[in-house]
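Enquirer: Line order of the protein sequences matches chains L and U.
The working numbering applies: residue 1 is where the first sequence begins, and numbers increase by one.
The working numbering applies: residue 1001 is where the second sequence begins, and numbers increase by one.
Quick caveat, the hints were computed from the structure, so don't treat them as lab data.
Model, not experiment: these values are computed from the prediction.
Dumping the calculated DSS-like pairs for lysine-lysine here, alpha-carbon to alpha-carbon at most 30 Å:
| no. | chain 1 | residue 1 | chain 2 | residue 2 |
| --- | --- | --- | --- | --- |
| 1 | L | Lys183 | L | Lys125 |
| 2 | L | Lys111 | L | Lys151 |
| 3 | L | Lys99 | U | Lys1242 |
| 4 | U | Lys1247 | L | Lys111 |
| 5 | L | Lys99 | U | Lys1159 |
| 6 | L | Lys151 | U | Lys1159 |
A few chain U residues that face chain L, going by a derived Cβ cut-off under 8 Å, partial list only:
| no. | residue |
| --- | --- |
| 7 | Tyr1148 |
| 8 | Lys1150 |
| 9 | Arg1248 |
Ideal Cβ placement from N, Cα and C applies to all residues, glycine included.
Each chain, written out:
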Amino acid sequence: MALVLKGLKKHFENSEKATLNEIDLEIESGEFVCIVGASGCGKSTLLNLVAGLEKPTGGQILLDGEEVNGPGADRTVMFQEHGLFPWLNVIENVKFGMKLAGVPKEEQEKKAMHYLEMVHLQDYKDYPIHQISGGMRQRTALARALTMDSKVLLMDEPFSALDKQTSNRLREELQRIWMETKKTILFITHSVEEAVYLGDRVVALSPDTGRIASIISIDIPRPRHVYSPEFVELRHQIMEQVRGEAV
Amino acid sequence: MGMIIFLVILIAAWQGFYWIGVDVLGLWKPYAVPEPAGVAKRFVELCSDGTLFEATFNSLMRGIVGYVIAVIIGIAVGLLINHFKYLQKNLKPVVLGVQTLPSVCWVPFSILWFGLSTNAILFVVIMGSAFSISISVDNAIKNIQPIYTKAALTMGATKKQMYINVIFPASLPELVSGLKQGWSFAWRALMSGEVMTTSIGLGQTLIMGRDLADINQVMLVMVVIVAVGIIIDKCIFSVIEKRILKKRGLA
Chain L
1 MALVLKGLKK HFENSEKATL NEIDLEIESG EFVCIVGASG CGKSTLLNLV
51 AGLEKPTGGQ ILLDGEEVNG PGADRTVMFQ EHGLFPWLNV IENVKFGMKL
101 AGVPKEEQEK KAMHYLEMVH LQDYKDYPIH QISGGMRQRT ALARALTMDS
151 KVLLMDEPFS ALDKQTSNRL REELQRIWME TKKTILFITH SVEEAVYLGD
201 RVVALSPDTG RIASIISIDI PRPRHVYSPE FVELRHQIME QVRGEAV
Chain U
1001 MGMIIFLVIL IAAWQGFYWI GVDVLGLWKP YAVPEPAGVA KRFVELCSDG
1051 TLFEATFNSL MRGIVGYVIA VIIGIAVGLL INHFKYLQKN LKPVVLGVQT
1101 LPSVCWVPFS ILWFGLSTNA ILFVVIMGSA FSISISVDNA IKNIQPIYTK
1151 AALTMGATKK QMYINVIFPA SLPELVSGLK QGWSFAWRAL MSGEVMTTSI
1201 GLGQTLIMGR DLADINQVML VMVVIVAVGI IIDKCIFSVI EKRILKKRGL
1251 A
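With the rest of the complex left out, here is chain L (with noise of 0.2 Å):
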């Protein structure tokens, strides 16, 4: 297992319930899991602990069988605002967290150039974060992200903020990266859809209770397709199931 939640619990000073309870959850290296949920269900809470930005409340967080403490390198989170820097260009923002660690420049650049290959940015390289569009600045970050070599990968709603068009088509991409790369994903999303098309394994929290509603495989082989009728059925069905458990 590389990441264990153990009875994970987060309860913010000034709220009357717990946003977060009791939650259990192991993730297989490798594995992409998806956390859905209505918005205010503490699904971002839930990546900001395992990130170490906040801590819990009770419960444990382990990573590869330590405690996690603290953010660090080995659990990178790709935001939903992409969280480049406008003073850096766009492969002085791939190479940062490479710079960091204290990676030789010449595999920086070897590494960035790959990613960047892989996110298709390799021409707009030496553009200023400004002059790109928000879909290519979540790619930057996608890449920024994937040169990290985390044990896990956070992402917090990466492409929500984006236009629908240019979200279905990062999320193509991402499934396309991830059956290349095997990177162990925790993947937070409020789009039902979005989860079943990405994930092994869709985990529903409910907000009433913040604890896990449900935990669903997505055994639908990849590549995935929106239209067909198997993944039609099952996003349906959970649909149904965390809108259940929503009211």
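Position chain U relative to chain L; hints supplied.
Expert: Relative to the frame of chain L, chain U by itself:
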């Protein structure tokens, strides 16, 4: 161009008022009102004997030395205030308070401690601008978008790396504005310091004009002080500011 025409009109109006008020109607005493022609004459005289150049050069040098020291102290205090919660809570209000003091208030101390020397002037300059820089540094860091530091943390940034690779570049635009403001405080404080000493400088030349009842010289020095202030602002700080903002697509 429009600006130059405006200035010409302004000077012409000033000359007109002088003629009417002093020469024609005799409302004002000639020793109390400067006149453009007189200021220009004084300008030529003080330029030809080198006084004006020497005074401007000395003032500028003092201003720069004092300012550089103020920047070092100001940034150090600003970083400390920002970093330690205790100082943020207790020292920052003091710094804010001291920063509101007009720089001339430091003159008595500076004379007692340093005599009528260049050091006394530098002391006034430093006290007059360092704390405004501290406040700017603290604010600039506070205004950094949290996502930058969060992103760097999840890429394994250490505290030192965070300061060098994120906090410094992220706060740079606001930092430069703060430094620009610090310079204008330093330049003003310099004049407060210079009018009290006898070492050659713009402030001293201004006071000499007063002592000689030469109102045109007083006016001339005032114009030079303003001109130097504007030139430094436009040619150095504004250029840097624009370049940074342009690079980030903010201008």
